[in-house]
Amino acid sequence: MLQISVFNRVLIWLTVAVGLMLAMPNGFYTSVEKHNDAAKLIEAGAQATPELEADLAGWPEFLPSSLVNLGLDLRGGAHLLAEVQVEDVYDDRMDGYWLEIRDALRGQRDTIGTIRRQNAPRGELRIKVSNPAGIEQALQTVRGLATPVVSLTGVGATDIQARAQGDLIIVEMSDAEKIATNDRTIQQSLEIIRRRVDEVGTREPTIQRQGERRILIQVPGIGSAAELKALIGTTAKLTFHPVVSQTSNPDEAPGPRNILVPSIDPQERGVFYILEQSPVVTGEELSDSQPAFDQNGSPAVTFRFNAGGARKFGIYTAENVGSPFAIVLDNEVISAPVIREAISGGSGQISGNFTVEESTNLAVLLRAGALPAEMTFLEERTIGPELGQDSIDAGKVACIVAFAMVLVFMFLSYGTFGIFANIALILNVGMIFGLLSLIGATLTLPGIAGIVLTIGMAVDANVLIFERIREELKSAKGPARAIELGYEKALSAILDANITTFITAVILFAMGSGPVRGFAITLGLGILTSVFTAIFVTRVIIVMWYDRKRPKTIEV
Amino acid sequence: MRLKLVPQNTNWDFFKRNKLTLGLSVVLILVGFASFMLQGLNYGIDFRGGTTIRTESVNPVDVAAYREALEPAGLGDVSITEVFDPTFADDQNVAMIRIEAQEGEEAASVDLVKTVETAMRALDPDIKFPSVESVGPKVSGELIQTAAIAVALAIFAVLFYIWLRFEWQFALGAVAALVHDVILTLGVFSELQIKFDLAIIAALLTIVGYSLNDTVVVFDRVRENLRKYKKKDLKDVLNVSINETLSRTVMTSVTTLLALFSLYILGGDVIRGFVFAMIWGVIVGTYSSVFVASAILLWLGVKRDWSKPDANAGNQFGNVEA
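Here the protein sequences line up with chains V and P, keeping their order. With the first letter of the first sequence counted as 1, position 343 gets the number 343 in the working numbering; the numbers rise by one all the way through. With the first letter of the second sequence counted as 1, position 205 gets the number 205 in the working numbering; the numbers rise by one all the way through.
Hints in this document: simulated from the structure, not taken from any laboratory. There could be a bad hint or two in this list.
Said to hold, decoys possible - Output of the computed footprint for chain V on chain P, the stretches with three or more beta carbons under 8 Å from beta carbons of chain V:
id: 1; segment: 17 to 30
id: 2; segment: 121 to 130
id: 3; segment: 186 to 196
id: 4; segment: 273 to 287
Backbone N, C-alpha and C fix where the C-beta goes; we use that ideal spot for every residue, glycine too.
Start from the sequences and build out the full structure, keeping to the hints where you can.
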């Protein structure tokens with residue numbers, strides 16, 4: 001007969017209670033959010049001001065404090081999808097290999113003669129050997145420099161491959177090494193973007209790798225995607241190069257191992273510098289950078305090298321007093337001062353034509369470090385906070401109205417049993433929010449639609465059961481037996497129907513992105529909770545009701 | 001007194017006008033398909049690339065003036081539509097400006113957005129830009145591909161699951177109903193030229209799920225009745241099953257539609273297209289689970305030899321000697 005063991009009853013109600021407990025913080029969103037922020041700040045070692053204490057006290061410590069994250073479309077903010085130009089890094093790698101190979105081949109001058117680096121397409125290193133007879137030996141030496149790649153895919157592969165072509169040795173990175181390098185480049189880019197976004201101090205940014213070479217950046221609360229782009233779109237690669245000469249011809253051939261770089265100083269419009277390609281020092285060796293003002297009172301940026309950088313810079317300036325060197329930022333010469341004396345302290349100042357804002361920004365970027373490669377932006381979205389708030393308000397109203405209509409309709413259709421289903425429905429929505437908070441999911445506008453849809457569809461399982469009970473009652477069984485049979489026989493339909501919908505939710509989650517994913521999450525969780533409430537919760541309620549009332553007949 | 005949408009104990013013959021209902025579906029599918037081929041969908045920037053800028057102002061929207069203001073920028077194909085919504089305040093005038101993807105660019109440059117914003121501010125100093133979205137052609141191409149794969153994958157996964165749980169005739173019937181629903185939804189979107197974006201794909205998949213939900217409930221009853229009435233005609237068994245589940249089918253559709261309509265009217269213009277797709281899908285899906293899925297099942301026929309009543313009948317391993 002109708003019986004559920006005490007253990008099972010307790011278990012069911014406990015599950016519901018836990019779900020509702022987890023959902024509760026969302027009812028007090030602002031104070032819980034403040035509490036969490038304050039807790040985080042204090043944990044990070046911030047001074048406990050009275051305001052922080054008040055925020056912290058705004059929500060009791062012993063209660064759960066996880067919230068449903070609001071997606072960008074609800075909170076407002078900027079979204080960028082960037083593709084990292086991983087090939088940019090190959091050139092630097094080739095420069096590194098060149099130094100290594102040069103040192104190795106120098107010792108064999110007797111057999112292979114002198115060596116010279118030639119201009120080569122991107123990702124290749126071409127070395128000319130003056131004595132072609134020794135090319136085989138040179139090739140052997142270069143191959144000997146190759147080291148195994150440590151990666152999951154490239155087992156047994158080495159980092160470089162070398163072949164001979166006439167009197168040239170051509171060195172290329174192997175595919176395995178390229179994959180490993182790309183991976184490192186993306187990781188570095190992620191790290192640097194994170195540092196830059198943190199410097200600006202916005203809350204809860206999402207910075208994620210997507211696919212092989214893409215990075216998704218979502219920053220709530222930032223004014224526009226353009227603002228975000230200015231912050232993370234700049235490579236901020238700072239280098240100091242020896243100046244070879246100056247020209248006004250943008251097409252002038254710079255000569256081997258030299259580069260032609262335009263000046264951005266407006267007083268030097270149309271001026272190009274020919275610089276040595278290998279920098280003396282780079283921004284990687286900076287330890288600090290701050291905005292400042294130069295002796296003329298215009299905005300400037302100060303920098304300080306780390307020990308290695310300071311030594312290199314000191315030696316170079318000591319040897320080249322009287323000649324100019326160029327400060328290059330992202331392939332543009334900011335300024336090219338003449339070295340007046342050796343700079344040994346390891347610190348200096350860049351004055352260009354900055355505004356205060358630009359110098360502040362540049363200092364942030366230099367502190368955070370340069371991006372290893374350039375990025376192109378494939379997708380950008382800005383959503384204003386008002387629009388997000390409008391969406392939340394509209395979603396709330398729609399939810400409440402949908403809720404009310406379904407509740408009334410269920411009561412009209414099923415009477416007492418309708419009330420049971422309604423209790424289950426209310427618990428159901430509470431548990432969806434509980435689960436969303438628990439897994440730290442993000443609620444989006446389509447996600448709200450998913451909840452509303454769930455409100456409509458969640459009653460389905462109960463409807464199936466109630467209809468079945470009605471049918472069983474017709475064949476003149478006692479109420480208890482009819483209820484039991486109703487649950488028993490409706491089960492397979494409920495499971496099959498919900499599993500198929502769940503499959504589509506999973507596919508949607510796996511294939512979708514952003515808002516669509518948010519919809520898939522609420523839909524999927526809604527299916528889980530609605531099956532749970534229909535099979536267990538309404539059943540417990542009905543059994544409890546039946547035990548107390550012991551009705552001779554029931555009307556469903 | 002209970003509210004009853006469907007009279008108790010119906011005994012309707014759902015296959016009496018079999019030719020008419022199937023014919024109607026075929027005609028609708030052809031119309032939808034033709035519209036899809038000839039007119040095509042009104043793809044949003046998610047699938048086509050480009051930039052949309054939402055404007056909001058206390059001053060009324062003047063599409064012609066907006067267009068004129070943007071003319072000098074030479075942005076190519078620009079479409080401007082005013083947005084109306086019952087949730088807007090009286091002095092809230094909203095328009096959407098859509099600019100096609102610019103030659104040789106991925107996402108819109110900062111300059112493009114600035115140009116548009118400056119031009120619009122010159123026309124209407126009170127104007128605000130609550131959202132700016134830009135998608136490059138590279139991503140939009142991938143998105144459309146992923147979306148198509150997702151829908152196909154969902155259909156196949158479901159085909160497989162139903163084949164596993166029922167028999168292949170059921171699976172084919174269910175999938176025929178799904179394809180019917182998806183094509184009719186695409187048809188409506190192309191016929192009415194409603195903006196088709198990423199969210200609509202989510203709606204399509206939900207329709208797939210919902211339609212299936214309905215179909216599976218009917219099929220589950222068919223499976224049960226096939227065991228119960230061994231001598232009855234398949235047609236009669238199907239009719240009995242549909243009649244028995246009719247009350248539930250209607251109830252669930254009505255509660256779902258109640259929720260969806262409230263979202264359609266009150267949920268704001270941003271998701272209206274999405275909700276419209278789902279409303280349409282629920283109606284079409286309910287219809288198709290009765291008139292398409294079952295009709296196909298009737299046409300294909302089902303194995304009626306349930307010689308081992310104790311076995312979890314119907315699965316293909318039923319007669320394997322263990």
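Query raised in the report: Within the segment 121 to 130 of chain P, is the number of residues with a Cβ closer than 8 Å to a Cβ of chain V three or more?
Result: Satisfied; 3 residues make the cut.
Query raised in the report: Counting residues of the segment 17 to 30 of chain P that have a beta-carbon nearer than 8 Å to any beta-carbon of chain V, does the count reach 3?
Result: With 0 residues in contact (Cβ-Cβ under 8 Å with chain V), the coverage given for the segment 17 to 30 of chain P is violated.
Report task. Apply the coverage criterion to the segment 273 to 287 of chain P and chain V: a residue qualifies when its Cβ sits closer than 8 Å to a Cβ of the chain, and three qualifying residues are needed. Result -> holds (count 3)
**Report entry** Verdict on chain V covering the segment 186 to 196 of chain P, where coverage means 3 or more residues with a C-beta closer than 8 Å
**Finding:** With 0 residues in contact (Cβ-Cβ under 8 Å with chain V), the coverage given for the segment 186 to 196 of chain P is violated.
The structure does not agree with the numbered hints 1 and 3 stated previously, though it agrees with the rest.
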